[in-house]
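> Protein chains in written order, with the working numbering: chain L, 1 to 367; chain W, 1001 to 1367; chain A, 2001 to 2367.
Warning: the hint list may mix true and false statements.
Stated by the list, open to error - Far from chain L by the CB rule (all over 12 Å, computed), these chain W residues:
#	residue
1	R1012
2	P1023
3	T1065
4	G1122
5	S1127
6	E1129
7	L1216
8	E1242
9	L1302
10	L1332
11	R1338
12	A1340
13	L1346
Claimed, not checked - Listed next, the in silico DSSO-like pairs over lysine-lysine satisfying Cα-Cα at most 27 Å (straight line):
#	chain 1	residue 1	chain 2	residue 2
14	A	K2274	A	K2124
15	A	K2191	W	K1191
16	L	K191	W	K1274
17	W	K1124	W	K1274
18	A	K2274	L	K274
19	A	K2191	L	K124
20	L	K191	W	K1191
21	L	K274	L	K124
22	W	K1191	A	K2274
No lab work stands behind these hints, which were simulated from the structure alone.
Built from N, CA and C at the ideal position, the CB exists for glycine as well.
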Amino acid sequence: MSVQPLLAEIRRNRLLWLLVFVPLLFAAEMAKPEAHTLLFVLSVLAIVPLAALLSHATESVAARTGDAIGGLLNATLGNLTEMVIAITALAAGQYLLVKASIAGVIVTNALFMLGMSFLLGGLKHHSQEFNRVGARFQASLLFLATVALLVPSAVTFADATSGAAFTRTLSLGLALVLIVAYGLGMLFSLKTHREFFGSVAHGDEGESPWPMGLALGTLAAVTVLVALVSHVFVASVQQAAEAFGMTPAFVGFIVVALVGGAAEMASAFSGARKNRLDLSVGIALGSASQIALFVAPMLVLLSYVVGPAPMDLQLWPGAVIMMLIATLTAALVTNGGRSAWFLGVLVVFVYLIFAMTLYLLPPRVTG
Amino acid sequence: MSVQPLLAEIRRNRLLWLLVFVPLLFAAEMAKPEAHTLLFVLSVLAIVPLAALLSHATESVAARTGDAIGGLLNATLGNLTEMVIAITALAAGQYLLVKASIAGVIVTNALFMLGMSFLLGGLKHHSQEFNRVGARFQASLLFLATVALLVPSAVTFADATSGAAFTRTLSLGLALVLIVAYGLGMLFSLKTHREFFGSVAHGDEGESPWPMGLALGTLAAVTVLVALVSHVFVASVQQAAEAFGMTPAFVGFIVVALVGGAAEMASAFSGARKNRLDLSVGIALGSASQIALFVAPMLVLLSYVVGPAPMDLQLWPGAVIMMLIATLTAALVTNGGRSAWFLGVLVVFVYLIFAMTLYLLPPRVTG
Amino acid sequence: MSVQPLLAEIRRNRLLWLLVFVPLLFAAEMAKPEAHTLLFVLSVLAIVPLAALLSHATESVAARTGDAIGGLLNATLGNLTEMVIAITALAAGQYLLVKASIAGVIVTNALFMLGMSFLLGGLKHHSQEFNRVGARFQASLLFLATVALLVPSAVTFADATSGAAFTRTLSLGLALVLIVAYGLGMLFSLKTHREFFGSVAHGDEGESPWPMGLALGTLAAVTVLVALVSHVFVASVQQAAEAFGMTPAFVGFIVVALVGGAAEMASAFSGARKNRLDLSVGIALGSASQIALFVAPMLVLLSYVVGPAPMDLQLWPGAVIMMLIATLTAALVTNGGRSAWFLGVLVVFVYLIFAMTLYLLPPRVTG
């Protein structure tokens, strides 16, 4: 099996040069297992290129297996990095980190990824039009998926007396409903209504896909590497966060979401600069929907197997408000089908204000 | 007066075959007045065909009296079943049941009726377009009517110290404002801007209207029957709900709304399958607006006459959140003017999750 | 410097005849400094024509200085009246009044000014179309600006334990972010994307601008007069409000907003009756955005200089809910690009219900 295309990709894509931090991280962990801050920074830097590789390998496998299976792979493995990080945190019993990263990826995609796409696209093009019908459809899906995900939190928030057993049962039932919805959603987007999502499926079509063997090998090897790096990340995050004055909520919400989504962001921003905002909107909203409909319920179900105790879907009130605002914002700004740089600025500023709030928030509040 | 058309309608419409449960219910009540669960089930089964008959009789009177008075009748008697059930519960002092059924009809229309219309229409037609301008206008009306209805709950929710006297005064003032708004709304839809609502007014125009005498006689007789059946329903609901493990909130919110709206749903779903989604959207949103602008304030005013004490419009927080989400969802999904089956699936799933939550919720929370 | 055009304007514009109350107010304050109720009524009547003069003078300066500087002036001085009132209240330590007036101007513009424009326009024209793209863009800006403004309140509302120091730091950081956003927004609307806002910038173009000297002189003199009148207003408001049975929240939210915005409302309503709803929507939403992005953060920063203590941006929960509902409503109703009188009625009724609620609310709740 030739690794030629892999090396070519590494030469071409500067993001992948960060791969040098993967061996550095493992070396540092051997040498100084107590240097939590250093290990945290190195693991963050190491995850970014691994996520980019995973994304490229997934797309290559998808391109070689035909539309139906390929779409299925893209749809399930598209957020593989976030999922591996979350499973590692789940196994370590860090449920706050898991929940914060679920909420954070949705908010980050709906505000930061979308807003930066508008901003970067708008700096190059005076005013950009995009397909309103598709964008509205995807924004509706995201809104509905998020609302469904938030029902246990909203009920518990509104009625403080409802109790933990109720929340756990509701979360489990909800997880099953969401997974069925996700399955139907794949039937819809891959089988009956493929044309609604067509332009989004395969990312940057400029690149030629890797050979099957290389792609599968990379997929397997990099998944293992992400798991190993995540292990260090999760083990070091608490002390490192304290050293940087960050709350666990901030780390889960902002850091995990930005790090895990770096590869998708690169695609979305490049689409925006090429005046293909449809692509950017599709990546941002589609990936956020996938977290709500697939990753979050999978993590609830997995918590019964790998976690120390069942995890519910109850988020702290601030996260609920941020998620609702983020998805409503995404629905409002994509609704017009027209964008200019200042719209991007405002959406990104709302994200910055959320990040600032989470950074300043006393840790106990999100507990 | 010939009852021929009535018998013909009963032969034609299988929903009306359930009329057999009306005499069965009265027989059972005579024989076993303590069999609450049986009486509950029979009364539910008996209300469905009576509601369908009421709806048909109202439309026949409306068709014979010309557009203005006909429209007025349709608009005031369209939710007659729900209103008779609610008045019976009001007289029995079951305010939680009354309030839950107000909230439930709005949520059920905006989510279940709309979502099932999208789903059933989408299973037959690949992608359905509907009149965006009309749908948006009606979704805006519903949103505003719901927001107005929710002000007392929101204020009391936000400021727990505001007190019962304040809530009661505010509810009374609000009821008067809403009824004025409703009157102006009828002026608008029947007089000045009839063309906005034209296609919706007369339901399935395939059926020929009954003669006036038969229609009026049916209207009167069936209203009395609904009142009698509602009486049994309200008397049996509490014990029966306990036997089925249902909270009063669940019964009011889900059961009353589904049972009372069965006839309208049959029209909406049949419209959707005939690719007339405008009709379905109009029925679903129009009927929900009518509950907020007319039925709810009428019940507040009536509570001063028939109830043991004045009723306010304060709902429990979970109901407020569900109503806001339902009307926002209706606004978002009708906004695009395009539907496909999966959109319907998601809207119905949000409804299912709400129903599941209400079913699991401990009873005291909604008290 | 000829004051001829000033006198001509006073003869032409009947709103300015209220100027007679300015000397009456100062006379009354000399004669009866304890007659709080009288002073309050007179100061309200005196502010209305001063606000109209300020607005006219600002537009004249703007028209004479060319588009860029003129736009800048219009954008910063457009809410000068509200700002002078708020600064006077700030210096007097009446923070509740300041915050209520910030919230109130946003809600009043988004509901009352917009709704009355729809209603007054709709009474003259059967159905009015307006530029959807522009209106949606402005509604998105207003929604985002309001959301940003509400983050400290939402977080504190959701997490009661977060503490005053946190809220103050967050409010300060937020004020800086909002001012940067405002600066970028001016760059956007005056420089890079002037055509998006073009039709709105100069108000009623029927009037010929005043000579520069007169305009600048009027601007300076009237600002001083507004400050003097505001001083009496703020000093008398508390006792007068009690005499009328009004809470401070009601005065700030409703009275200040209606009084300070009278001149803009006159322009918006006149635009609506001339079937230029674009103008009305632009004034209503643009002025509300300006309060959120410029006036509110300026007041936070100024509180460090002129106030007895730093002011945070934490509003009471009811105000947060009203602001969110008002901006969502504005987004929904402008979304369709079509208006008729009943839509205006409903929007105005939501405002009336808010006003009724604030009037009935016990004073301690908003404390």
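> Checked against the structure, which of the hints given earlier come out wrong?
Checked against the structure, the hints that fail are numbers 4, 5, 6, 10, 11, 12, 13, 15, 18 and 20, while the rest are satisfied.
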